[in-house]
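Visitor: Given the sequences, and given the hints that come with them, work out the whole structure.
For the protein sequence lines, the chains are A and B, in the order given.
FYI, this note's numbering numbers position 24 of the first sequence as 24, with every residue one higher than the one before it.
Adding 1000 to a residue's 1-based position in the second sequence gives its number in this note's numbering.
Mixed in with the good hints, there may be bad ones.
For lysine to any residue, the following SDA-like pairs were computed, each having C-alpha atoms within a straight-line distance of at most 20 Å [to be verified]:
#1 A:Lys87 / B:Glu1139
#2 A:Lys35 / B:Glu1139
#3 A:Lys178 / A:Arg245
#4 A:Lys338 / B:Lys1174
#5 B:Lys1009 / A:Ile279
#6 A:Lys35 / A:Tyr82
#7 A:Lys87 / B:Thr1273
#8 A:Lys87 / B:Ile1272
#9 B:Lys1009 / A:Ile217
#10 B:Lys1009 / A:Thr111
#11 B:Lys1009 / A:Lys178
#12 B:Lys1009 / A:Glu282
#13 A:Lys257 / B:Leu1005
#14 A:Lys35 / B:Ala1271
Here are some of the chain A residues that sit facing chain B, going by a computed Cβ distance under 7 Å [stated by the list, open to error]:
#15 Ser8
#16 Ala79
#17 Tyr80
#18 Thr107
#19 Phe171
#20 Asn199
#21 Trp202
#22 Ala218
#23 Phe241
#24 Ile279
#25 Arg304
#26 Arg331
#27 Arg342
#28 Gly409
#29 Asn411
Don't read these hints as lab results, they were simulated from the structure.
Bear in mind that the values here come from a model prediction, so they are computed numbers and not experimental data.
Just so you know, even glycine gets a beta-carbon here, dropped at the ideal spot from N, CA and C.
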Amino acid sequence: MAFKYENSELLRFTTAGSVDDGKSTLIGRLLYDSKSVYQDQLDAVEASSLRRGESEMNLALLTDGLKAEREQGITIDVAYRYFSTPKRKFIIADTPGHIQYTRNMVTGASTANAALVLVDARNGVVEQTRRHATIASLLQIPHLVVCINKMDLVDYSQEVYDKVKSDFEKFAAKLDVKDVHFIPISALNGDNVVHRSENTRWYEGPTLMYYLENVHIASDHNFIDVRFPVQYVIRPNTDEFHDYRGYAGRVAGGIMKKGDKVVILPSGFTSKIAKIDTIDGEVPEAFPPQSVTILLEDDVDVSRGDMLVRENNQPRVEQDIELMVCWFIDRPLQLKGKYTVRHTTQEARCIIKDIRYRLNINTLHRDIENKEIKMNDIARVVIRTTKPLFVDAYRKNRITGSIILVDEGTNETVGAGMII
Amino acid sequence: MNYQLNHLKELESESIFILREVAAQFENPVLMFSGGKDSILMVKLAQKAFYPGRIPFPLLHVDTGHNFPETIKFRDELVKETGARLIVASVQDAINEGKVKEESGFNASRNGLQTVALLEALEKGKFDAALGGARRDEEKARAKERFFSHRDEFGQWDPKNQRPELWNLFNGKKEYGEHFRIFPISNWTELDVWQYLAMEEVALPNLYFAHQRMVFERDGILLADCDYIQKKPTEVAKEMMVRCRTIGDMTCTGVWPSQAADLEAIIDEIAITRLTERGGRSDDKRTETSMEDRKKLGYF
Chain A
1 MAFKYENSEL
11 LRFTTAGSVD
21 DGKSTLIGRL
31 LYDSKSVYQD
41 QLDAVEASSL
51 RRGESEMNLA
61 LLTDGLKAER
71 EQGITIDVAY
81 RYFSTPKRKF
91 IIADTPGHIQ
101 YTRNMVTGAS
111 TANAALVLVD
121 ARNGVVEQTR
131 RHATIASLLQ
141 IPHLVVCINK
151 MDLVDYSQEV
161 YDKVKSDFEK
171 FAAKLDVKDV
181 HFIPISALNG
191 DNVVHRSENT
201 RWYEGPTLMY
211 YLENVHIASD
221 HNFIDVRFPV
231 QYVIRPNTDE
241 FHDYRGYAGR
251 VAGGIMKKGD
261 KVVILPSGFT
271 SKIAKIDTID
281 GEVPEAFPPQ
291 SVTILLEDDV
301 DVSRGDMLVR
311 ENNQPRVEQD
321 IELMVCWFID
331 RPLQLKGKYT
341 VRHTTQEARC
351 IIKDIRYRLN
361 INTLHRDIEN
371 KEIKMNDIAR
381 VVIRTTKPLF
391 VDAYRKNRIT
401 GSIILVDEGT
411 NETVGAGMII
Chain B
1001 MNYQLNHLKE
1011 LESESIFILR
1021 EVAAQFENPV
1031 LMFSGGKDSI
1041 LMVKLAQKAF
1051 YPGRIPFPLL
1061 HVDTGHNFPE
1071 TIKFRDELVK
1081 ETGARLIVAS
1091 VQDAINEGKV
1101 KEESGFNASR
1111 NGLQTVALLE
1121 ALEKGKFDAA
1131 LGGARRDEEK
1141 ARAKERFFSH
1151 RDEFGQWDPK
1161 NQRPELWNLF
1171 NGKKEYGEHF
1181 RIFPISNWTE
1191 LDVWQYLAME
1201 EVALPNLYFA
1211 HQRMVFERDG
1221 ILLADCDYIQ
1231 KKPTEVAKEM
1241 MVRCRTIGDM
1251 TCTGVWPSQA
1261 ADLEAIIDEI
1271 AITRLTERGG
1281 RSDDKRTETS
1291 MEDRKKLGYF
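Guide: In structure tokens form, the structure reads like this:
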């Protein structure tokens, strides 16, 4: 049976910004114009705006969910918003933009296909813009959209737009960003958000919505290097499936086909893919980000944490790993400190062997004098793990190139690392 | 071949990954089953995640005693079909044993009492992970939930001190006595759920499809006329064509006037509706932050 709205892709994007740059207004506009805000939500927001003595409906109340956030009028945490058009379904990871929330931005950015960076046309590229661009680059978000907002307040001037564009490009040249677009908008009036603006006839590019609906995301995954971290072993032990031994997991890279020869790490044994199984039957191939079950021709010992790869294309097998790490908690990162490290479906312990430098995310300056790594800091470090991990550079694969650090005393997630 | 999943397949893959991660990281998980479409979806996804094995954890139903009879019938059939083990935590028992006190009056509901029965069942079963079908699009406090949501030894949620979740890496580490609430379908919207159930031709309780029922109106919400709700003298029941958008217990689940008798009609209805599905849930309307307040205490 074929149903409507079924053939749309999923695009995840992140927005970062402060209260003043119109981020809430922009999100409100996208939700509102795509008819994703419901009447009872609007009624509730209107009633609570009135209760606070605000004269206009405060759209930020749509996104601020927690009591403390509503009381203080700020966004503390990552909030996820959903809207869809006939073409795509969108997930917005809405994060606060202030420096003290770098960790939230990093969190929101980790799974994003695209990042929206808001620039107030009156102020141009400021420290916060540079910070957002740096994080987008560190987290390797494939697509970056610079929304030059409040164009209505600068008379829709092309000169202002060009200035912001060239300033941004000058800074971005120092970063590793692949695909940058600039769009002049007014979130308040809706110019170039969903509808093309009559006020910016000099602008020939797409509206924001058109961009989000059409940006090419099919190659955001790595389809070259086969990486299959084994997550769970399925052994039904029933009469019908007596000898069934399936390796369940999510394809982290490459295209896997029935009959392919694979190497199992860390054992180094080789075998062939006998079958790629799902409840709906066998499939001929599997690709990221599919969750499948792989059956091998040979009876080899494979368990959670192992990785299936191709013989002539293997990840690095390392115990000394260089990382860019973002720190999440009040207690500073401890040189020689011990943490639990999680990487794909593996877990190990590690020691912080060296802190190379602390990165100033506003200026990109590498500080080798003050290497105390506090909450929201980003640093380059080296860890030594208790057993080898099967890693790729984060640039090459965001799944096999990322780790988190967990405090062994409190069990908190204390840091996120991108492997160099 | 086109290596791009449609959004439903991508959401499915994400949820299956979470379900398998739970089976791998926890010793004794349980799936909270309400009988609603979201928990029916969860069961379907769990079947997919562990096929051809059975779902490696039991289902837990917190029975308020005020369920639609159709819910219980459907639940029992599903249990039989999947071969899953069912645990029932009864709010009525908790009341009989004097552990909780029943609310009285016109708006009396057992919704808040569920928390006690739930926490007790989790403790009794020594469950260290409780899987739930909550979605972030449902309610503003749920929009801030993690996939892996840590609860302390009192079952409380601390929304300001949540663990960051990045990439595919989920941290289920905890102290003895603490547990996690896990929400594998966090990223699904109501429309996604319906589209997927239609695509997969999943069986659903009849309550979701338009049917004739005796209903009455209270505070702008239509409620089913039943023995569990005391009507005010001014409230008169009449027969209407209605359906449920969510299924909770009869005292707080609003029904909607609808002619949508099949999945296709429901999807069309949802795609153009101007009201959220929890708009008919009187338990959310008690105060502006009633969901957050209840969640902090350990509500599902």
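Visitor: Would you mind marking each hint as holding or not holding in the structure?
Guide: Against the structure, the hints come out as follows:
no.	hint	result
1	A:Lys87 / B:Glu1139	25 Å, violated
2	A:Lys35 / B:Glu1139	17 Å, holds
3	A:Lys178 / A:Arg245	42 Å, violated
4	A:Lys338 / B:Lys1174	18 Å, holds
5	B:Lys1009 / A:Ile279	13 Å, holds
6	A:Lys35 / A:Tyr82	11 Å, holds
7	A:Lys87 / B:Thr1273	19 Å, holds
8	A:Lys87 / B:Ile1272	16 Å, holds
9	B:Lys1009 / A:Ile217	16 Å, holds
10	B:Lys1009 / A:Thr111	17 Å, holds
11	B:Lys1009 / A:Lys178	28 Å, violated
12	B:Lys1009 / A:Glu282	16 Å, holds
13	A:Lys257 / B:Leu1005	17 Å, holds
14	A:Lys35 / B:Ala1271	10 Å, holds
15	Ser8	5 Å, holds
16	Ala79	5 Å, holds
17	Tyr80	5 Å, holds
18	Thr107	4 Å, holds
19	Phe171	25 Å, violated
20	Asn199	30 Å, violated
21	Trp202	35 Å, violated
22	Ala218	5 Å, holds
23	Phe241	5 Å, holds
24	Ile279	4 Å, holds
25	Arg304	6 Å, holds
26	Arg331	14 Å, violated
27	Arg342	5 Å, holds
28	Gly409	10 Å, violated
29	Asn411	4 Å, holds
In the structure shown, a violation is registered for the earlier hints numbered 1, 3, 11, 19, 20, 21, 26 and 28, in ascending order.
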